[in-house]
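The listed protein sequences derive, respectively, from chains A and B.
According to the working numbering, the first sequence is numbered sequentially starting from 1.
According to the working numbering, the second sequence is numbered sequentially starting from 1001.
It should be emphasised that the hints constitute simulated quantities derived from the structure, not laboratory data.
Treat the hints with care, as some may be off.
Unchecked claim - To give an idea of the chain B side of the interface with chain A (calculated C-beta under 10 angstroms), a few residues:
(1) Thr-1026
(2) Pro-1047
(3) Arg-1192
(4) Gly-1250
(5) Leu-1271
All residues carry an ideal CB built from backbone N, CA and C; glycine is no exception.
2 protein chains.
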Amino acid sequence: MNLEDALTQRLLALKAQAGSHPTSLTRLRDGLPGLRVAVDACFLANPYAAELAVDTLREAVQSREAFRRAVEWYPAQETDLARLAAPLLGVAPEQLFLANGATEVIRAVLANLPPGPVVVTLPTFSPFYEFLPPQAPPLFYTLPKAQGFRLELEPYLAFLQQERPRAVIWVNPNNPDGGWLAPQELAWLLARLPDSVERVVLDESFDHFAQPPGASEIPEESLAGSAWLPGKDPRVVVVKSLSKDFGVAGLRLGYGVMSAALAGQTRRHHLWNINGLAEVFLRAWVGEDFQRRYRKALHRYRGDLGVFFQGLGALENTGQVRVFPSRGNFALVELLGHTADQVFTRLLARHGVYVRHCGDKRGLNGEFLRISARTAPENTQVTQALEDVLTGRQTEQVKQD
Amino acid sequence: MNLEDALTQRLLALKAQAGSHPTSLTRLRDGLPGLRVAVDACFLANPYAAELAVDTLREAVQSREAFRRAVEWYPAQETDLARLAAPLLGVAPEQLFLANGATEVIRAVLANLPPGPVVVTLPTFSPFYEFLPPQAPPLFYTLPKAQGFRLELEPYLAFLQQERPRAVIWVNPNNPDGGWLAPQELAWLLARLPDSVERVVLDESFDHFAQPPGASEIPEESLAGSAWLPGKDPRVVVVKSLSKDFGVAGLRLGYGVMSAALAGQTRRHHLWNINGLAEVFLRAWVGEDFQRRYRKALHRYRGDLGVFFQGLGALENTGQVRVFPSRGNFALVELLGHTADQVFTRLLARHGVYVRHCGDKRGLNGEFLRISARTAPENTQVTQALEDVLTGRQTEQVKQD
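Okay, chain A solo, but in the shape it has when bound (with noise of 0.2 angstroms):
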């Protein structure tokens, strides 16, 4: 057996051991500690918003005392910092329920569902399904890769119609796709929803990167959301992560905005869920210069992702891959010529970079891998080295320490 097969053993060794979820880099260093880790395009977050963060939260636990209170004192309860957070997304602090990562809104959503059954799109984010409790089965809707994977409406509309679940879930932009519905389309699907539909869980933890990248300049009020919506139509519970927008994914932080009697349900025994250091990032996320130095990071982001995506485009000349339309900050690509073990393992062994294999995703009938955007010029090295692997060039060989 030699080197590179042995590798691709002990790479889908890992990856199984980590479920329907991608292996940690921390794994994978301690799996492979010989592995050089160039680019990390598995990763779903913003860098530049993550630089932002990272220097943010230093400077603020940068004395003893302030690191110590973020250590050892309780954190402020989760309705103190809902309160707290609550004016930047323009809702109540009552509909409000702050998070450990937007896994902990998902499960305590899914958890407060109506029973009768909820239509899921596959493929899709797998907690939507995975954490369904017992009485609220999955229903599944499966995107048509013929179509892209976008979400057509009529189609989709008249299978609502016919199945009447009591939800439905939508991810918007799609993980792992990036299919989108614009806010016209959204309220097409409301205005028309069978009434057996009583929660519309709509989750935009990719909506900051959906917008186009031409755009000159970010309003405010547009980094919000759909957050208003569950005011006005109180079926609707928006779900959205901080650790892609803010690249903060090791504070754990997300939210969900719903009606304020289902958020004083949701956010039942949920006391200390937010963890002292989160605390102060959230304490400088609300503030006006943070907001304004994310917008800064955001747009220079989405300048990228233009970019990106017109680099990975190209490759589709080369007959070897199919890349889906997205609207989130990462690109599906269909293999053509290899499986996605072979490219996987070859663009990690070979040139250190690291994307998403999606043998684990439901609803995806080929061979496909999910690629992230991160600086543009980490872009250019993951489309190379893509293109390399796909070509079937060497320009590196396998290394090890």
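Put chain B on the given structure of chain A with help from the hints.
Frame of chain A, contents of chain B only:
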């Protein structure tokens, strides 16, 4: 209305907002900006261990790169961290559920109780009845003040035999009174529980403080408490907060040890519940060097505890208080000539001493405060302040910035 009355009203309003938990120091500062808190004797952690934890963590994330990883990267999944931590507790990783604070352990453990009544002793830590799901209603067993809130084995067992609950909850040492059952008493009860009892939730968050202060050296294995027990008796679930022992409430770390089958059920949907900085702490925590230094910090604190209880006990001579025997790092104090409102406010206003007002604690009939042990000089400050307030001496005036 004089200044102290105004302060009293404001403090009690803040307390009311916090529900069945004390007002956080942050909220206290925000709500009463002029207030000076000199000693936080509400907080239940070992201050020497907190210094060790803060120093350890600061060093571990001193470089920008290490700090960035803790903030930006996804932390390891909960199952990975359980694998890391399990050997220190002498249990199999499959038996260990690591959580975002003990409150998350309690929430998850109670949500998975078998249906039927749960015997909860009163007074106790309120989430143990507030978090019970509808199918597992509490059946209260009130510990009598006349017996110093001690759990007398025979009458308690008779109650269980009569009521035949499906589950029982023991907090050992108990919060807020510090009542304690020795290992042989636990064994006595476990051997005699009616066969209706399928689950025994044993919270040992204060167990490290329960040994007599005289013990000259702390054996490493004693720090795992009853973690070995669920392996022998699958009815038992051990719950533990790391906030108290290690002074890391801001990190949100707690764990549960239980049968592998139950742990599998309990940890469902808790993917990335441990934040990045908490992960850094866990990686240090399992190390020999940290554990050795921790045992020193615990030994020092246990020594102080003896002096603390003596000092408080001496106040019984004033005829103004009764101090209940405690094996925790706190004492429950009944006020015989004042209201809790009066003493709580005066301690804070005149002396900057913040204690736990027990007005919201169910099962306490009378006027009670809970006072926790801090560093030796702080304990002296607290005891003197309490003596001043109880005997009507006024060594300091109400301060206002």
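Taking the hints in turn, this is what the structure says about them:
Hint status for B:Thr-1026: holds, given a least beta-carbon distance of 5 angstroms to chain A, under 10 angstroms. Interface hint at B:Pro-1047: satisfied, since its Cβ lies 8 angstroms from the closest Cβ of chain A, which is below the 10 angstroms cut-off. Checking B:Arg-1192 against chain A by beta carbon gives a least distance of about 32 angstroms; that is not within 10 angstroms, so the hint is violated. A least Cβ separation of about 3 angstroms between B:Gly-1250 and chain A falls short of the 10 angstroms threshold, and the interface hint therefore holds.
The closest approach between the C-beta of B:Leu-1271 and any C-beta of chain A is roughly 5 angstroms, which is under the 10 angstroms cut-off, so the hint is satisfied.
In the structure shown, a violation is registered for the earlier hint numbered 3 alone.
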